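Student: Sequence:
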Amino acid sequence: MSETDVTRLKASIYLSVAKMVEEYSQELGTTASPSFVASLVELVYNQLQNLGEDLELFADHAGRAVINDSDMYMVTRKNEILTNALKEYAKGLGLRD
Numbered sequence: 004m005s006e007t008d009v010t011r012l013k014a015s016i017y018l019s020v021a022k023m024v025e026e027y028s029q030e031l032g033t034t035a036s037p038s039f040v041a042s043l044v045e046l047v048y049n050q051l052q053n054l055g056e057d058l059e060l061f062a063d064h065a066g067r068a069v070i071n072d073s074d075m076y077m078v079t080r081k082n083e084i085l086t087n088a089l090k091e092y093a094k095g096l097g098l099r100d
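So the sequence shown is residues 4 to 100, counted in the working numbering.
Take the hints with a grain of salt, since some may be wrong.
Said to hold, decoys possible - The calculated lysine-lysine pairs, modelled on BS3-like cross-linking and capped at a C-alpha distance of 30 Å, are:
| no. | residue 1 | residue 2 |
| --- | --- | --- |
| 1 | Lys22 | Lys90 |
| 2 | Lys13 | Lys90 |
| 3 | Lys81 | Lys94 |
| 4 | Lys22 | Lys94 |
To be verified - Taking CB as the label site, the calculated pair distances span:
| no. | residue 1 | residue 2 | range |
| --- | --- | --- | --- |
| 5 | Glu25 | Leu60 | 15 to 23 Å |
| 6 | Val69 | Ala21 | 31 to 39 Å |
| 7 | Lys81 | Gln29 | 28 to 36 Å |
By construction, these hints were calculated from the structure, which means they are not laboratory data.
Everything numeric in this text was worked out from a predicted model, so none of it was measured.
Glycine included, every Cβ here is placed at the ideal spot set by N, Cα and C.
Given these sequences and hints, build the entire structure.
Tutor: See the structure below:
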């Protein structure tokens, strides 16, 4: 990924995270510092990088070149509630029976 792509991705993540933080801050009647938001953006970015790598590895291990929902379930296998929520979401989208 080029440096420009990384910058664009981080900017997109920043906008999403900043919006969520602002919404939750208003609900809680508090504020979040810009450094908190920036730290949270870095955390989310790093977690997404790790998730992407894990998904690629699971697909590769299964002999596939394409990531599918079973790879995500492998990533979340230790969190049954999250796995079930993802399966229900996929079912709602018509991706699963």
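Student: Go through the numbered hints given earlier and state which of them the structure violates, listing their numbers in rising order.
Tutor: Number 5 - this is the single hint that the structure violates.
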